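Student: Just need the whole structure built from these sequences, with the hints factored in.
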Amino acid sequence: MPKLYRLHRAALYAAVFGTTVAIVSTASAEEIIIGAATAQTGGLAPYDQPALAGLRMALDELNAKGGLAGKYTVKLIIKDTRSDTAQTATVAQELIDAGAKIMITPCDADPSISAGQLTQPLGIPTLTLCGSAPVLTAAVGDVMFGTYPADNVQATAVADFAVAEGKKKVFLLTSPDSTYTANLPEYFGKVFEKKGGAVVGRGTFTMGQPDFSAEITNIKALADQPDLIMTAAYEPDFPAFIQQLRGAGVTIPVYGADAIGTPTIKGLGKLVDGVVYTAAGYAEPGSKLEAFNAAFTKSAGHAPESTYEVNGYEIGLILDQAVKTAGSDDPKAIRDAIAGLKDFDGITGKITYAGTDRMPLRPVALMRYEGGEGKHIQTMIPAAADVPAP
Amino acid sequence: MRSFMPAAFRNASADALCMVAVLLLGALIVFFFGGAAMQRVVTYAAIMLTAVLGLQIFSGNSGIVSFGHAAFVGLGAYATGILTMPAALQRTALRDLPQFLAGCELSFFAALAVVIVLAIVIGLLTGMPLLRLSGSSASIATLAMLIIVYTLLVAGREVTRGSQPFYGVPREIGLWTAIGVASVALVAARLFRETAFGLATRAAANDERGAAAVGVDQRTSRLAAWVVGAVAAMAAGAMMAQFLGAFSPRDFYFDLGFTLLAMLIVGGMSSSLGAFAGVVVTIVVIEVVRRFEGGGEVLGLHLPVLFGLTQGVLAIAMILVIWRRPTGLFGERELNLLRRPGRQAATVPAAPPLHAERDRLAADHLSRRFAGVVAVDDVTLSFDTDSITGIIGPNGAGKTTLLNMLAGDVEPSAGGVSIGGSVRRASAFRFARSGVARTFQNIRVFPQMTVLENVVVAARSVEPDLASAEAAAMRELSRMGLEKFADQPAARLAYGQRRRLEVARALALKPRFLLLDEPAAGMNAVETAELVSILSAVRTERRIGVVLIEHDMRLVMNLCERIVVIDHGRVIADGTPAEVQKNPAVIAAYLGSRTARAKTGQETPANETPASETA
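If you read the sequences in order, they're chains A and B. For the first sequence, the residue numbers in our numbering are 615 to 1004. For the second sequence, the residue numbers in our numbering are 316 to 930.
The hints are simulated quantities; they were obtained by calculation from the structure and are not laboratory data. There may be inaccurate statements among the hints.
What the hints assert, rightly or not - For each label pair, taking beta carbons as the anchor points, the in silico distance ranges come out as:
hint	chain 1	residue 1	chain 2	residue 2	range
1	B	ARG648	A	THR876	50 to 56 Å
2	B	ALA403	A	ALA909	43 to 49 Å
3	B	TRP638	A	THR876	37 to 43 Å
4	B	GLY623	A	THR876	20 to 26 Å
5	B	ARG472	A	LYS884	34 to 40 Å
6	B	LEU421	A	LYS956	42 to 48 Å
7	A	GLY680	B	LEU343	41 to 47 Å
8	B	LEU421	A	GLY822	36 to 42 Å
9	B	LEU343	A	ALA905	55 to 61 Å
10	A	GLU904	B	GLY627	38 to 44 Å
11	A	LYS946	B	LEU448	55 to 61 Å
12	A	MET821	B	GLY731	53 to 59 Å
13	B	VAL599	A	GLY680	38 to 44 Å
A quick note: this is a predicted structure, and the numbers were derived from the prediction, not measured. We put the CB at the ideal spot given by N, CA and C, even for glycine.
Tutor: Here's what the structure looks like:
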C-alpha cells in the first residue's frame, strides 16, 4: 500500500469519526502481525478469553526469546467481535488491512467460517481458538485450522474406551439445538457400531427443558436395554437429566464429553459417580501440563479455569514451529507448515495435522467422576482412520 | 394546473432523494478513501438500514411494535443461501435437500427476485391471522412468530442444517449492491407513508374508530404495511446471507430483533427519516467508540484497554435519547423539504362537488341492549337527503347509540339499517364508503397527522387517486376555513378548529348523509353561529341529509327542519320544531311532568327553555 494513500486514509478516518486513532501498521521486517478477532464481550467471551490468555502468554514468552522462530517479533492485535458474526467479519477485514499474516478466530463455527471466508482467498492461515465443530475447516478451505479436539475426535476416544470396557449397546440422547449436542453422540454411535456395538435407541431433548420424564420412560421401556447412555448434554440439561434418571431407578452408566467437565457437575457428588467425560489434557504429576498450570498461575495471578488456556498456549507453540519450518513469515508457507505438522510435541501431548481435515489429532484425556472428584482414566490419541467424517 | 404528481408524493420523493443522496455520498467517501474494512462497515450498515426500514414501514405506520422482522430477515437469508449456493458445495453441505430446491445456483439478483415473491406470500400468510389482533396483543403475536420461525429453522434440518452453521453462501454482495437495495427501501418507506395504505394505516394507528368512520379498512391497509415491511426485511436477509457467508438460526433471533427495534426507537419510529438516522447514529457511535476499546494514545492521553465500552456507550446513548426525546431523534416528522410552514397554501380549485343523489337512510325496528340495559328500543325512523334533522333527548336517552347504529359502528341487537333501501351489515368503514359520514361526540381527529392528511385519508376512500383526493381535501378545508393550517399536525389545532376539521373530514367522503354527534359541544357562541351558517350552506349546496345530535336548543331550533325526540331509547316525538316544542311528552321528558303542565299552559317557545343547560 503506498504510504501517501495510507496517510490519506488515516486522515479521513480522523475527519469522519473525529478520532485520532487509526490502525495503520508499520510492520518491520522482523515483525509479524497476528490478528485476533475474538469475543471480548458477549456469550462467547467465557470461552475466547481463557484461550486468548493462554495464547498471549505463549507469545509473550516467545517474544522474550526473539519472537516466532526466534526471529519474528509478534505483534498481537486484538479486536472485539462482541460475539456477533457480522462484527467478526468486519474486524477480521480490519485485521487483514492492518497486515495480519495469521488470524485467530472465536470458539464458534459461524464467526470462524465468516472470518475464514475473508482469509481464504488471501491464503492467511486462520486458527479457531477452541471451535470444535468438525465441519468448520471444510466449510472454509485449506487455510482454516481447528486446534481443540474436534467433536468427532472426542467421540471416537469415548467410543474406543466404551468398546474396550466391553459395552455392547448404547442409547444416544441428542438435542438438535446445537451442533455439539446434536452431532457428538451420533459420531459416538458411528464409531461404536463400526467396532461391533449397537445403537439400541435414540432420544432427543430441547436445550433448557426441565423435564426429562418422557425420554426416561422411553429408555425404561426399551425391550433391548442399553448398557450405556451417551449424550453431549451439558448445563443445565445434564444435571436435570441425570437427577431424574437416577431418581427413576435407572442405573445405566452415562457418558458425555468435555462440556460436563465443570465444577457444577463435579458438585453433584455421588449422583454423577461413574460418569465418563473428556478433557483436552490432564495434569499428571510431573507432566508438562502441570508445569504449564504452575507457570500460568504465576503469570496470570490465577489458576487456569479450564483446558482452554493450555490450548491457547499450544496455538502459540504450533505457530512458532510452523514459522520455523516455513523459514519465513509468508502466510502461505506458514499454512503449509501447519498442515504438514506431525507428532508435534505440545504441552498436552502430540499434535498432528498431517493427514487430517485440518482438525488436529491430539490427545484426549478420559476422565471419570468418582466420589465428587474427576479421576483421570487415560489419555489417548484416536487413530485417524477411526474418526468418523464430519 | 394539475402537476404530474400529487404534492404529497412530490414532497416524499424530495425527502427520499435527499436521504439517498446522503447515503450515496457516504458510500462514495468510503469507496474512494476507506479501506476494505470501512466498506464492509458501510455495507453492513446498508443491510441493517434495509431491515430497519422494513420494520419502520410496518411499526412506524401501524404503531404496533414488531419483534417478528428478525424472522423475516432470517427467512430471506436462508432462502438466498439455498438458492445461490454452488451445486457442488450443496451436495456436501446439504445432503438431504429436497430435489426441487437443489442446484439452483442463482445469481444474487435472481435470488433476490425469488425472495421478494416469497416475502409477499409469507407476508400474506402470516399477516392475515396476526393482524386480526390489535395493539399489544399483535406485538406479542409477532414475538410468537419469531419463536415459531426460529423453531422451524432449527427443526428443518434437511433444508437449513438445523442449528448448525449454514455455510457456503457465495459472497457476491458488495458495497454498491447493498447501497442500491437500501436506497430502494428508503424511497419505498418514505413513499409508503403517503399512499392510500400508508395514510389509512397511520389513521388507524391514531384513532381506530375515527379511521373506520372515514372509510378506512384497517385490516387491509395494515396487511399491506406488513407485507411491504416483510419484503424489505427479507431483502435485507438476502443481503445478510451473502454478507455473512455463514450463519445459523440464532443469528436471526431475539438479539437481531432487539437490535432492529433499538435502532428504530433511537431514530424515531414513525418516520423513515427516523429509521435512517437511527441506523446512521448507532453505527457511527459503534464505529467511533470501538476504536478506543483497544486502548492506546489519544491526544497524549493514555487510554486503558476497555473492551465492552462500545455496548456501554451505546446503552447510555439510548437511555439519553429515550429520556430526552421519547419519540426518538426524528420521531415526529419527516424532512418535508417541500412543505415548510408558512409556505403559500396550494391554490384551491373552486369546483364544488355534485349535489347528492336522492337517497334514504332508514332504521327499521332498531334495538340495542347493553348487558340488560336497553339503550335503543324498537326505533323506526327514516331520513332523506336534502334535509336537516335534529335528534334531541335527555342525557342517557340513547341518542349516540342510535347514531352509532346508523353509522354502522354498533351492531344492532335487533332490527336493521338500510341505505337506499338495501339493508346493510354493521361495518363502520363500509357505511362510510356508501355515503354515511359522521363526527364524534369526543373528537376523533388523527392528532399526529397533518390537518391536510386528516382530510386526505377520508377523500382517498372515495377519490380515484391521491392527486384528486388532495384537491378535494383542500377544497373541504377551505370550506371550513382551515386551509392555512393544512400542513400543521392536527394536535396543534384549537378545540373549535378540531371540531371543524372533523366536519371537513366527514364531508370529504362526499356523503349523502352526514351524522353529527354534538357538533357544537364546547364551542362558544361565535363559533356556534359560524358552524350553523356553514352547515346550512353545506346543506343547500350539496343537498345532503344532515342528522345531528345536539343539546344546544338554539342551534337545533334555528337549523333543523325536523326534530326527533328520544327518551329511554324510544322515539317520543317526531315533527317540525314548532310541533315538538308543544309536545307535552317532550316537555315532561326534559323538565318533569309538573313543569310540563305549567309550560304548555303558558305557550313558552321551547328554544327559550333552559334545556340547553343540560349540554
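Student: Each hint: holds or not?
Tutor: Against the structure, the hints:
1. A hinted range of 50 to 56 Å for the beta carbons of ARG648 (chain B) and THR876 (chain A) is consistent with their spacing of about 54 Å.
2. Distance hint check: the CB atoms of ALA403 (chain B) and ALA909 (chain A) are about 47 Å apart, consistent with the given range 43 to 49 Å.
3. Checked against the given bound of 37 to 43 Å, the beta carbons of TRP638 (chain B) and THR876 (chain A), roughly 41 Å apart, stay inside it.
4. Range check, GLY623 (chain B) to THR876 (chain A): Cβ separation about 24 Å, and the 20 to 26 Å hint holds.
5. For the pair ARG472 (chain B) and LYS884 (chain A), the supplied restraint of 34 to 40 Å holds, since their beta-carbon distance comes to about 38 Å.
6. Between LEU421 (chain B) and LYS956 (chain A) the C-beta distance comes to about 43 Å, which sits within the given range of 42 to 48 Å.
7. At roughly 46 Å, the beta-carbon separation of GLY680 (chain A) and LEU343 (chain B) lies within the given 41 to 47 Å, and the hint holds.
8. Checked against the hint of 36 to 42 Å, the pair LEU421 (chain B) and GLY822 (chain A) passes, with Cβ atoms roughly 37 Å apart.
9. Separation of LEU343 (chain B) from ALA905 (chain A) is about 57 Å and conforms to the stated range, judged on CB atoms against 55 to 61 Å.
10. Remark: the range hint 38 to 44 Å for GLU904 (chain A) to GLY627 (chain B) is upheld by a beta-carbon distance near 39 Å.
11. For LYS946 (chain A) and LEU448 (chain B), the hinted distance range of 55 to 61 Å is satisfied, since their beta carbons lie about 59 Å from each other.
12. About 58 Å separates the C-beta atoms of MET821 (chain A) and GLY731 (chain B), a value consistent with the hinted range of 53 to 59 Å.
13. Look at VAL599 (chain B) against GLY680 (chain A): about 42 Å separates their beta carbons, and that is inside 38 to 44 Å.
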